[in-house]
Each structure stands twice: as C-alpha cells, then as structure tokens.
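Visitor: Each chain, written out:
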Amino acid sequence: METAEKGAIIKPKTAGNRQTYTNDYVRMDTDRAVFMGDAKMEALFSAMVALSAEVWTGRRRQKVLESVLAKRGGIAPGELEQYMPTAEENAAWKAERDQFVQVMFDQFLRPGDIPFAESHHVDPETDPARWKK
Amino acid sequence: MTKSPMLQIDRRSLFAAAAASTAVAAANGALATPDGTVYEPRGWVGRHKRLPILDLESQQDYLEGFRIWVNTDVNQAANDRIDRILAARGIDPKADLPLEQVLANLKDDPIVTLMPAAWLRVQQLMWRTLDDHFHAHQDQYLTEMEAADKVGPGSLELNPKMYVPEYTAREIHMQPGGYVGNMFAGQLYHHGTNEFFNGNNYQDETHDARAAGVRTPHDGKVRRVLEFGTGIGQLPMALKRRFPEAESWGIDIGGPMVRYAHMRANQLGLNVNFAQRLAEKSGFPDNYFDIVTSMQFYHECRAAEIKETVAEAYRILRPGGVFYPLDGNPTTRPKSAARTFRTFWIYRWNHEDWQMDWESLDMIALMKAVGFKIEPGTGQNGDNIMAIKV
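So the sequences go chain by chain: A and R. In terms of my numbering, the first sequence is numbered consecutively and its last residue is 332. In terms of my numbering, the second sequence is numbered consecutively and its last residue is 474.
Just chain A, same shape as in the assembly:
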C-alpha cells in the first residue's frame, strides 16, 4: 500500500504511448485518519468489511449457480457469468444481502459506554462492597 502524503503531486499511471488524457493530481490522506480511537480497531473493521464482501460474493455466485442449474438441468461454460437474474430474484437477494450486512455489523451499534474496570460504579448489584458481605 502506498503511503499517503497529503498535498504530494502524483504522476498518473500511463499506458505506453497511448493517450490517456490524464494530468498530475494532488494526493489525499484518508489512510491516516483514525475515527474509532484506535488504528488497529480501524484496520480490523476494514478487514471485516472486505471479508464480508468476499463471503457475500461467494454466496451470490452460489445463488446464480443454483438458479442456472434449476432452470437448465445442466451447466455450460460461462453460463454463470451470463445469467440475468429475474426482478423477483434481484429483490429477494438484495433483501437477504441487507440482512446479512446487519448481522455482520450491527455489533458496532452497541452502546459500549461502560468501561469494564468501572462497571461496579454503575451497577450497585456488582459493587465490590456487596461481594465482601
């Protein structure tokens, strides 16, 4: 991965002698941002998004495979690539996809605002003074 230095002037990629109609551009630096308070946590989150996208890609390919086999009773080379989902399939798959995203990532919507080491201050039932009794 390239190191992002904001403001650096970057030469665009080329294609031999072919005209690409590109110009130099100014580098952005979003890779340096930390939103979740911990860069490792942030990296883990990004990895989860990438991983879940891969899982969904496999699941969606399987759906196409099943649909093709069901309709044709067999499969020809390249047939999965050519399959055109029906409107009903598209709607059902997108709904399932959205549910899949929620299952994966709703964890991040947990409040998480009571540090473990301080939890006895919040809940009287777990106050160490009670445990001593």
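Watch out, some of these pointers could steer you wrong.
Dumping the calculated SDA-like pairs for lysine to any residue here, alpha-carbon to alpha-carbon at most 25 Å [what the hints assert, rightly or not]:
#: 1; chain 1: R; residue 1: Lys-234; chain 2: R; residue 2: Arg-131
#: 2; chain 1: R; residue 1: Lys-191; chain 2: A; residue 2: Lys-293
#: 3; chain 1: A; residue 1: Lys-293; chain 2: R; residue 2: Phe-280
#: 4; chain 1: A; residue 1: Lys-293; chain 2: R; residue 2: Ile-137
#: 5; chain 1: A; residue 1: Lys-293; chain 2: R; residue 2: Gly-127
#: 6; chain 1: A; residue 1: Lys-262; chain 2: R; residue 2: Gly-130
#: 7; chain 1: A; residue 1: Lys-210; chain 2: R; residue 2: Arg-131
#: 8; chain 1: A; residue 1: Lys-205; chain 2: A; residue 2: Phe-244
#: 9; chain 1: A; residue 1: Lys-293; chain 2: R; residue 2: Tyr-286
#: 10; chain 1: R; residue 1: Lys-234; chain 2: R; residue 2: Pro-136
#: 11; chain 1: A; residue 1: Lys-239; chain 2: R; residue 2: Asp-193
Pulled from the structure, derived: some chain R residues nowhere near chain A, Cβ distances all over 10 Å [what the hints assert, rightly or not]:
#: 12; residue: Ala-188
#: 13; residue: Asp-193
#: 14; residue: Phe-281
#: 15; residue: Thr-300
#: 16; residue: Ala-395
#: 17; residue: Ser-420
#: 18; residue: Gly-455
#: 19; residue: Thr-462
Here are some, though not all, of the chain A residues that point toward chain R, as calculated from beta-carbon distances under 10 Å [unchecked claim]:
#: 20; residue: Lys-205
#: 21; residue: Val-225
#: 22; residue: Thr-229
#: 23; residue: Met-235
#: 24; residue: Lys-239
#: 25; residue: Gly-272
#: 26; residue: Gly-273
#: 27; residue: Glu-288
#: 28; residue: Lys-293
#: 29; residue: Pro-310
Derived by calculation from the structure, the hints in this document are not laboratory data. For clarity, every value in this text was computed on a predicted model and none was experimentally measured. Where is the CB? At the ideal position from N, CA and C, for every residue including glycine.
Given chain A, put chain R in place with the hints provided.
Guide: Only chain R this time, still in chain A's reference frame:
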C-alpha cells in the same frame, strides 16, 4: 431492455476464440485475463451495462448494501446519539454550534464516530476493487474508448495540452487520481456513484428526476442547454431526453470523464456534446444558451472560481435564459450539530476540499452582483436558486 451491439455476439464463437487466443476474444468485446480466462460481455439491463465479471459485480453489490446500512441504520443511530449526548450536557443540538464545540463533545463516542469510519472505509474498498479491475484490463478498456472517441452521434472535444488548475486535480471522494489523474476516472465514477445513490441510479433515474425539475425560461424556448462540471454526462443526457430537439452540452475539466461520457452517450444513442473545458472559461459565445445548470458541482469548487463561473453563466446565457444549479443553497439550510459534524468529516476526509468555501458563500448575492434576477421563492430552506438573465 436496451440491447448493445455486443449482445449480438455469438457466445459459442467467443468460447472458441478463448481457446485459441485471448487477443481474438478481446477483439470481439470479451475480457481476457493473463491466465487465459475469457469473460464474454454480460450485456445490459436497460441503461446499465453490467460489470464484466460476476464476482466483481457481487463485490460491488455487497458494498452497495453496506453503504445502505450506513446511510440508514448507522446514520439514524449516530444522529440520535448526537442529540442525546448534547441534550444531556445542556446543549441545544439544533443550534449552530462552533465546530470545535461539536467535535469536543462527539469525538469519543463509538456510534457517532462509526458513521465516518464505516462510510469512508467502505468507499476506499469500493475504489480499490474497481481501480484494480480496470487497470488489470487496461488495454481492452482503452481500446473500447479509443474506438468510441471517433464516432457519434454526439461530439467529443479533448484538450490534452490545456492548463489543468491544481484546485481541480484533487482526489475528490477519495477517488484514485480524482477526475483528471486516472485514465479510467469515468468508469470508476460511474460504478462508484451507482453505489453512492444507494442503488437508485442504475437507470439514470435520479438524473432524469433532477432534469425534470430544471426550471425553464419564462418564454418556454429551450434550444441549447449546458451543464458545468458534467462528470460522466448523466445530466445533459437526461436533459436531452427531456428536450429532444435541444442542443445538449456537458463540460468538465476531467478528460477521462468526458471521454467516458461521450462513449456512454453513443452507446445509449444520445446526441449529446462533451468537451474538456473549465466552467469559468467555457469558451462558448455570448448569449448562447437558454439554460445553464449543474448538479452537485459547486461544493467541489473554490470560492474564487465559483464567482467566475456565475459571471460566465451570465455571459453565455441569452437574455431571459435561466441559470439553475442543482446544488441547493447551503446558506439557507437548517443548521444542527449533526450537520456540522457531517460537513466537517465529509470536507476533511472525503476530500471535498472546497466544501467549506461553498458552505460560506452567499450564492444569491453573487448572482445578483453579476446582473441576475432571482426568481421569487427560490433558494429558500436550502432549495435550488433560479436566476434569470435580464
């Protein structure tokens, strides 16, 4: 369903070509990989040309779904949380608070900060996967554009030696290379914005709806229309559908953007003209257009050039012509801490580098200063402003 010429290719002949030579397959419109795998064209769904590889399409489909979750569930949870945090501290969340105060109160909350984290990280992943794909097959995609450069029905003007100001050469939206520095900027932008629009623009339906709302001159005459900062030209294409007899133009500083726009207009059979030009130096004659518009353009422009484009719009409109940017009016939009927080991270980390210029400009005053008359009732509550050349 609209059929592209590629759909008429005989699939069996493509597989035969794959076995013999990936170059032959490529010449037939298929996508060949170095390992000998050949992906034949996957066709169109209406105005949407499907991505050439099923797994790439599925990956983008997932990222679109993830974005929808972020824009709905996460956005709602974050906004609720902002309101609760501030209210608990005796601060009115609907007040126009200083940025420092907003950040100090919200920066450590896990749900509030999840919003920019999730939004930006999924976007980076989207750009990376698309950019990798188009560059991995760059010979074939360049060949496709080179062939399209030479045909119509619309015209294409590319100016590879023109001066490209540094302020336009930013990686806006974190798009790799921005609009000027990536030979596949148009392809990236198109597939990326299909996801930005939460899956609601595969048929250009968002642009058709926006085009339908563009205000027209009071005399009803619409012979020539122009979009500043056209990107991949979806708005002038939609305007062509709305005004089929009119001459429709789109200009943009991004050469790869207008190049892709031209190719797509041809594929859709639309006679729309594209040129690589700056909005503030459009090069059109005085009094040429009946309507000059734009869509989500001005928040990507620096204040000095915004002022110049307003004057340029006045110059190239005919008397009675309408300047109608589809950019809203930020100075009359309701304020809130949530909006201030979002505007900040969008500006700083989504690299909309001139967003704060746009947020602070009084567009109505700028328009009046160059001679425009403002249509009463427009530009209120964040709505679009209709300016008429007198």
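Visitor: Each hint needs a verdict: does it hold in this structure or not?
Guide: A quick look at each hint next to the structure:
Taking the CA atoms of Lys-234/R and Arg-131/R, the gap is about 22 Å. The hint holds against a cut of 25 Å. A distance of roughly 33 Å separates the Cα atoms of Lys-191/R and Lys-293/A; the hinted pair therefore is violated under the 25 Å criterion. At most 25 Å may separate the alpha-carbon atoms for a hinted pair to count; Lys-293/A and Phe-280/R meet this at roughly 16 Å. With a CA separation close to 18 Å, the supplied pair Lys-293/A and Ile-137/R stays within the 25 Å bound.
A hinted pair counts as satisfied when its Cα atoms are at most 25 Å apart, and Lys-293/A with Gly-127/R qualifies at roughly 20 Å. Taking the CA atoms of Lys-262/A and Gly-130/R, the gap is near 22 Å; set against the 25 Å cutoff, the hint holds. Restraint check for Lys-210/A and Arg-131/R: the C-alpha separation of about 34 Å exceeds 25 Å, so the hint is violated. Distance hint between Lys-205/A and Phe-244/A is fulfilled; the C-alpha atoms sit about 23 Å from each other, no more than 25 Å.
Annotation: proposed proximity of Lys-293/A to Tyr-286/R holds, straight-line Cα distance about 15 Å (limit 25 Å). For the hint pairing Lys-234/R with Pro-136/R, the CA-to-CA distance comes to about 23 Å; that is within 25 Å, so the pair holds. Under the criterion of a C-alpha separation no larger than 25 Å, the hint pairing Lys-239/A with Asp-193/R is consistent with the structure, at around 17 Å. Every CB of chain A is more than 10 Å from the CB of Ala-188/R (nearest about 15 Å), matching its label as outside the interface.
Distance to chain A contradicts Asp-193/R as a non-interface residue, since its nearest Cβ pair spans about 8 Å, not more than 10 Å. The beta carbon of Phe-281/R is kept farther than 10 Å from every beta carbon of chain A, the shortest such distance being approximately 14 Å. Against chain A, the non-interface label of Thr-300/R holds: every CB pair exceeds 10 Å, the least being about 34 Å. Listed as a non-interface residue, Ala-395/R keeps its Cβ farther than 10 Å from every Cβ of chain A; the least gap is roughly 25 Å.
Residue placement check: Ser-420/R keeps its beta carbon more than 10 Å from all beta carbons of chain A (closest about 20 Å). Here Gly-455/R stays apart from chain A, with its beta-carbon at least about 34 Å from theirs, past the 10 Å limit. With a least beta-carbon separation of about 35 Å from chain A, Thr-462/R lies farther than 10 Å from that chain, consistent with its non-interface assignment. The criterion of a C-beta within 10 Å of any C-beta in chain R is met by Lys-205/A, whose closest approach is roughly 9 Å, and the hint holds.
Satisfaction of the interface hint for Val-225/A is found here, the shortest Cβ-Cβ separation to chain R being roughly 5 Å, below the 10 Å cut-off. Satisfaction of the interface hint for Thr-229/A is found here, the shortest Cβ-Cβ separation to chain R being roughly 5 Å, below the 10 Å cut-off. Contact between Met-235/A and chain R, as hinted, is supported at the beta carbon level, the nearest pair being about 5 Å apart and thus within 10 Å. Restraint check, Lys-239/A versus chain R: the minimum CB separation of about 13 Å is more than 10 Å; hint violated.
For Gly-272/A, the shortest C-beta to C-beta distance to chain R is roughly 19 Å, which exceeds 10 Å, and the interface hint is violated. Using the Cβ-Cβ criterion of 10 Å, the hint placing Gly-273/A at the interface with chain R is not satisfied: the shortest such distance is roughly 16 Å. Violation of the interface hint for Glu-288/A is found here, the shortest Cβ-Cβ separation to chain R being roughly 12 Å, above the 10 Å cut-off. Nearest Cβ of chain R to the Cβ of Lys-293/A: about 7 Å, under the 10 Å cut. The hint holds.
At a threshold of 10 Å, the smallest CB-CB gap from Pro-310/A to chain R is about 7 Å, leaving the interface hint in force.
In the structure shown, a violation is registered for the earlier hints numbered 2, 7, 13, 24, 25, 26, 27, in ascending order.
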